[in-house]
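Q: Protein chains in written order, with the working numbering: chain Y, 1 to 279; chain B, 1001 to 1430.
None of these hints come from the bench; they were simulated from the model. Computed from a predicted model, the values in this text were never measured in an experiment. Check before you lean on any hint, since a few could be wrong.
What the hints assert, rightly or not - Some chain B residues close to chain Y (C-beta under 8 Å, calculated; not the full set):
| hint | residue |
| --- | --- |
| 1 | T1246 |
| 2 | G1248 |
| 3 | S1429 |
To be verified - Quick list of the computed label-pair ranges, beta carbon to beta carbon:
| hint | chain 1 | residue 1 | chain 2 | residue 2 | range |
| --- | --- | --- | --- | --- | --- |
| 4 | B | G1280 | Y | L114 | 51 to 59 Å |
| 5 | Y | G58 | B | D1237 | 33 to 41 Å |
| 6 | Y | L114 | B | Q1074 | 25 to 33 Å |
| 7 | B | Q1408 | Y | T131 | 42 to 50 Å |
| 8 | Y | L26 | B | G1216 | 58 to 66 Å |
| 9 | Y | V126 | B | S1046 | 29 to 37 Å |
Think of the CB as a built atom: it goes at the ideal place given N, C-alpha and C, for glycine as much as any other residue.
Here are the chains, one letter per residue:
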Amino acid sequence: MSKPRDFLARLFTLYLPLTVFLVFVLVPILWTLLTSLKTEREVLSGAAHLFPTMPTLGNYAEVWAQGSFSTYFLNSIFVSLTSVIFISTMSVMNGYALSRFRFRGKQAFMIVLLCTQLLPAVIFLVPLFMTFKAFHLINTPFSLIIFYTAMQAPFSTLLMKGFISNIPRQIDEAAMIDGASRGTIIFKIVMPLAVPGLVATAAFAFIGCWNEFIAAFTLISSNKFFTVPVGLKFMIGEYDVSYASLAAGSVIALVPAILLFAYIQRYLVEGLGSGSVKG
Amino acid sequence: MAKKSSIALAIILGTIVAVGAFAQTKATISFWAAAVTPERDQFFKSVVAKFEAANPGIHVDYLSVPGDLTSYRQKWDVAFAAGSDPDITNDFTAKQVEMGALEPLDKYFNAWKGKDSVNPALIAGNRTYDPKNHYLYALPYSAQPWVMWVRPDWFRKAGLKVPTTWNEFFSDVAKLTDKANDTYGTSIRGGGGSANTLEMLMYSYSGILSYFDESGKCTINNPKNVEFVERYLGLFDVSTPEDDLTKGWTQLAATFQSGKAAIVIHNLGSASSHFKAFEGDYSKFQAAPFPKSVKGYVQHPGLMPLGLTMSKNAKNKDAVWKFMAFYLSKEINSDYCKLYGEIPANKEAASADWINGLPYMSMGSKLLTSPSTKFSGTPYYLPGYSTIQTQMEPKIQQAMLKQITAKQLLDEWAQLLEKEKTAYDAKASK
């Protein structure tokens, strides 16, 4: 194929669709960022316009200090990171077992794991509340950590099972011949090879925990333990919305996710790619 | 060395026990404030601090719940189901009474020295939630009248006066609409909350005072109500923005505050939002009573019962009542109502200078106390009343889009209300 034709083909099949998609994804984020730099008065003034006439960082200062966002941010970091550690550990162990072992009820177990994803979290709230109350966990970050771990572990397990299945079984067998224990095989041989998959799984688990609202809103009854999604709700009152403050809070809430994905980007692409092909 | 360590350990342990014992002598009560913003949070924190300073033996475990009332009620529902509902809420619903979640306040209220300081009409209104025994389940702290919020500058510029009759309303709305410049006479709430607004406006138009006649037939589909709904929803996309179809209050407020609509309908509670948006310029926003009904008098919706409630599960009920009575003091009630734009339940606070100093509060107070103002007998006491409104909201959108007629809409609405009333009466007679 000639070079100009080649270029045109790539333009219409790759670059243009990607550009459209990029604009579609980036414009809301850009709009939010620019809204966060406007005063409330400017946001509500007649015609909508993209760029602030007099940019201000006042909304960030207000949200962080007066809006107690610093507290919510730290709570979210603690709860999400702790949950991800538990989710990752459980998903690696479960995924390895599902990938490598044969046992009675394995298929049924996997189906049950899948079925848990069909149920909305809200139906668990009342029985969970009563259970946590019995264990004096209500209004503690640990109730959220347990809930998030339980909700995210099934899907993460299935993801890890796929990634681990791509690692040849022969590697485990070779290690066993050399005298390695099961634990050594998992942590020193399989895990390093499954790092891309683990990073992808952990990233999705983190986002799920970071963005979760209903459990954080229901199980916590003290302002000092609220998380970022609940904190953002303070900007939406009964009769009005503080759009500029809400935008500033949203940008703050985005920062960890952006930093996380920027850092793990390489692993994410590798991990998602490897998980798509069964070995 | 070992002896010194033992003595130090004994002192530390003794201190811990003493502190624990001291802490346990304080009565702890919990208070969940609904729909809190950062500004309101500061208010409630100051109330709690003042109360605790005045009552050192009581600790208030205060939680500010963000979001709207729906979110608050969902959180309360889960907590109540687990027996962990807060001792005090500031969201009073018929459903709470029906569920048996609340402690009747009569014995506390009757023994209270300050009982004559509270507007008796609001006490009577709150008792309607208990049709059988008329117990008082919530101590009212304010009244929240509904008004027209208008742009007096637009009316002045057009040489018009704020409408005092419904015919003037429809005429003015048409004259103030300039679609080319994206400005409209009014904006209709077509999204969440549409049924509540439409219902109160139709009764304001028809002048029908009761929702049910003697035989139990609902009056919502009375020909005059149908006539109003046809005229009002007929304004959609003619004298209103096209996106009214899905507007909830926040979008409606944005339409008004961004200078797109001359008239919107809401309660006085949004006053502080308008004050902030228009930077306190009263030439740009004004509260006005509803226009006169076809019967010649101004009719507003019945005042929704509001108040502080005491949970049946509360362990320190006397301490809870102390907080409730403190909340109804002149100073606290005034501060609350200034912030929320509501008329105080405390009679002294309701006649304070600050009420007359704020145009919209003065108007609201006069509206409530004027002998010529009539109020619809809105059936807030029906537990399913709000649920029926929610069910009708998609139908209102269909009527706005002319997929169904106003008569079809109101006939269905009437059927649902009649069914609810029948069930309610049957339960009340047991």
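Q: Would the hint on S1429(B) be counted as holding, given a Cβ-Cβ threshold of 8 Å to chain Y?
A: At 32 Å from the nearest chain Y Cβ, S1429(B) fails the 8 Å test, so the hint is violated.
Q: Measuring from beta carbon to beta carbon, are G58(Y) and D1237(B) in 33 to 41 Å?
A: 38 Å, holds
Q: For the hint on G1248(B), does the least C-beta distance to chain Y fall short of 8 Å?
A: 10 Å, violated
Q: Can the suggested window of 58 to 66 Å be confirmed for the beta-carbon pair L26(Y) and G1216(B)?
A: 59 Å, holds
Q: Regarding the hint that T1246(B) lies at the interface with chain Y, is the smallest CB-CB distance below 8 Å?
A: Given a least distance of 15 Å, the restraint on T1246(B) is violated.
Q: Taking 25 to 33 Å as the stated bounds, is the beta-carbon spacing between L114(Y) and Q1074(B) within them?
A: Given a distance of about 28 Å, which is inside 25 to 33 Å, the answer is holds.
Q: Within 42 to 50 Å: is that where the Cβ-Cβ distance between Q1408(B) and T131(Y) falls?
A: Between Q1408(B) and T131(Y), where Cβ atoms are some 47 Å apart, the hint holds.
Q: Does the hinted range 51 to 59 Å hold for G1280(B) and L114(Y) at CB?
A: 58 Å, holds
Q: Given a hinted range of 29 to 37 Å, is it respected by the beta-carbon distance of V126(Y) and S1046(B)?
A: 34 Å, holds
Consistency with the previously given hints fails for numbers 1, 2 and 3, ordered from lowest to highest.
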